[in-house]
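A.B. asks: So the sequence shown is numbered by the UniProt record's numbering: it starts at 1 and just counts up by one.
Bear in mind the hints are in silico, worked out from the structure with no lab data behind them. Quick caveat, the model's predicted, so the values are computed rather than measured. A hint or two may mislead.
For lysine-lysine, the following PhoX-like pairs were computed, each having C-alpha atoms within a straight-line distance of at most 25 Å [what the hints assert, rightly or not]:
(1) LYS209 - LYS220
(2) LYS103 - LYS81
(3) LYS81 - LYS98
(4) LYS187 - LYS219
(5) LYS219 - LYS205
(6) LYS265 - LYS219
(7) LYS209 - LYS219
(8) LYS283 - LYS270
(9) LYS208 - LYS219
(10) LYS208 - LYS270
(11) LYS187 - LYS199
(12) LYS274 - LYS219
(13) LYS205 - LYS265
(14) LYS220 - LYS208
(15) LYS220 - LYS187
(16) LYS187 - LYS208
(17) LYS209 - LYS274
(18) LYS209 - LYS199
(19) LYS208 - LYS283
(20) LYS280 - LYS270
Beta-carbon label-pair distances, calculated as ranges [claimed, not checked]:
(21) GLU201 - GLU124: 46 to 54 Å
(22) LYS199 - GLY131: 28 to 36 Å
(23) VAL156 - VAL108: 45 to 53 Å
(24) GLY188 - LEU210: 33 to 41 Å
(25) ASN191 - GLU129: 32 to 40 Å
(26) HIS52 - ILE17: 34 to 42 Å
(27) ASN191 - VAL156: 42 to 50 Å
(28) ALA204 - GLN275: 41 to 49 Å
(29) THR212 - LEU284: 42 to 50 Å
(30) ILE264 - ALA204: 16 to 24 Å
Backbone N, C-alpha and C fix where the C-beta goes; we use that ideal spot for every residue, glycine too.
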Amino acid sequence: MSKQNKETNKYIPKFIISKPWYNENESGNTETTQENTDYLSHQRKTSEIIDHSIPLVGQGIKDERENGIRNASNNENYDTKRDRWFGYSTEEWLEKVKNWNEKNDVQVNSTNNEGEDSDDTDYELELNELGLDGKDIMQNIKEDPMEKMLRDRQDVPAYIHNINSRSDAKIRIEYDPKSRLAKDPTKGILNDKNQFVKKLEGDAKDLKKLQTFAWDLNKKNEQQRQMAQVANAGVGDANANANANANVTDVNDPLEANPTLMSIKEREQKEAAKQKSIAKRRKLLDMYGGS
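Please construct the entire structure, taking both the sequences and the accompanying hints into account.
C.D. replies: Rendered as structure tokens:
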């Protein structure tokens, strides 16, 4: 159907049907130009347009190669064309094997050269002083044939030290192998949960005594504050400040708040008790006589 015979669609806007103003200078038919335009030209390597709808003979896979493995010829049969290893050359494989052997030879030579190095470094001199060899360091072990046969005399299990002999020629073992629990009464006690509690020694023992002293001092101060509150309860507003001071707790009573102050207080209490004991002894000597 020609352009004149085409029916005009009244639903198409005029600005679509009419030719745009920026294309007025172009000559020729617009539809013909669009039909001749190759929309795949940017993907083609050549300007030649090939119509693939027409079947062509002899456009299949070509086995002819200049430096390749396969050498195609007209005498090849069905099986020859489909043989995977047809025309395979071992030259490429032999070249790879040769390269591998050369690399291995270089590594072996470098290892031998390191062993033949006569320059003694500080590290090697130190090994000689310790009686060690480089091979022992590499293996991370120095074998001793007597090492597996002998045992150190000082290597004694801990539970053997807890074996005590009795007068009735019986042996008492302070170690329970079943529960793996040491039961040495000289080193600890068993609590209600059958757990061994080791006795405190050294600084831990001193800290325990200091903690007990702090608890007793705190308890004594608390009793004094309660007595002061009871004494000042019925006085009235005259001693309001005294009641307020009686309710204030000394923050230095706990050991954790001021351990140094608590240690000083304990030392002062021991010194006061010692002086009191000396004065009492002197009084008794003056009263009854003696030296």
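A.B. asks: Hint compliance check: list the failing hint numbers for this structure, sorted ascending.
C.D. replies: 2, 3, 4, 15, 19, 22, 24, 25, 27, 28 and 29
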